[in-house]
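Input sequences plus hints: build the corresponding full structure.
Going by my numbering, the letters in the sequence shown line up with residues 3 to 388, in that order.
Calculated directly from the structure, the hints in this document are not laboratory data. Backbone N, C-alpha and C define an ideal beta-carbon position, used for all residues, glycine too. Among these hints, one or two may not hold up.
[Unchecked claim] Taking CB as the label site, the calculated pair distances span: (1) V176 x M325: 32 to 40 Å; (2) G33 x K156: 52 to 60 Å; (3) Q91 x A305: 35 to 43 Å.
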Amino acid sequence: MKKKSVVIGFILLASSLSVSTLVWGNVTPWGKMEKTEGVLSIQENSTIPIPGEKEKNSVINSIDSITGNPTKELDAFVDKGIITIETIQFNDGKENQLLKFYGIETELGRKPISINDEPYILTEVPNQNYSLIEYKGNLYSVDLNRKLISPVLKNEVNNYKKKDLDQLYIEGIVPSWGGDAHVSLDGNYILFHTTRNLIYNQNYNGEMWIKDLSSGSEKKVMDGGYSFIGWAQDKEAIIFRSEKIELVNLVDGSISVLADFALTSGVAFPYLVYQDEYEKVNILNLENNEIRQLEFEPLNQVAFIRTIRNSPWALVLNAPDKMEAARTLEIINLETLEIKHLDEPESQLILDSQWITEDQFMIHTRHLNTGAETSYITNLNEIKGN
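As structure tokens, this is what we get:
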């Protein structure tokens, strides 16, 4: 493993700059945003209403203990035609059953969404009319338009055979042929985790593998024990492992250490942004290895960092005082270090924020008194900076 040489740039101390809530007359930025009661899902650069926690919990709480199936459905969303409920035959050679999917209409046709009561884990595939699911220790593609579930991975690769893994029993361990899938931004590669190595050794951390969707080839990249952060280039993955941030070349398996420690991180090539101690964030340019450290009030403890491809902006959820519930949303330009700031709406808590396009983002909140969920949509140019 090699450590990349790093050029330390300048440290920007903006602590004397108090970034406050922006107000136009008596109208805060929240009053100028597009507001929707409920939760929105981002699909193919557009938003679609989906069930919130209240609706999801209603379904989850109705699950029959004997059959394992919910007795309630998302009737309001189904009746409005927002969500369809579809079943597809699943057959892996051992089981033959119907799997239920919640579907929404996109520009590419119907695609499944996750409601949290499914027995599978759903992964989006960029610019394709199908999605991936992780189910019963393997990866499958799901095409709602053709009502088809198909295995993604080969049953035999080199000296590994899926039937051998299926017959393996290890107490406390559920072997996986493939899971934790991440699709490259060009849609040509699937990075996945597997414990197929347990056929031959006892490395319970498993292994990282990659599948080339063009050639169909599958190969091991490195041992497991990692979590995925994002993509640098299409054949370079950024991962978190043993408290370090590492860059993995998926072609030759070479590994470079980008940061020795991180609390949270995000990547929008060529920038990697991460926090390794409170009250500041580090911005690493992956093209020239320059690191800049950014400090400003009220930056303290970062909960998450959201980025989007081809944009230098990052959405940073910040806790100014880690002992208090209040949060702020700091919107940072990783190239120019411009900062846009939002306090939470009155009596509301920011739960999440996601990019819709390179210029538009959504903020999901919950009312502290009623528990009602609200989605706000705004453009970058509608929020003034420092």
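Here is what the structure says about each hint:
Evaluation of the 32 to 40 Å hint for V176 and M325 yields a pass: the beta carbon distance comes to about 39 Å. Between G33 and K156 the C-beta distance comes to about 55 Å, which sits within the given range of 52 to 60 Å. Restraint check, Q91 to A305: a C-beta distance of roughly 41 Å satisfies the suggested window 35 to 43 Å.
Checked against the numbered hints above, the structure violates none of them.
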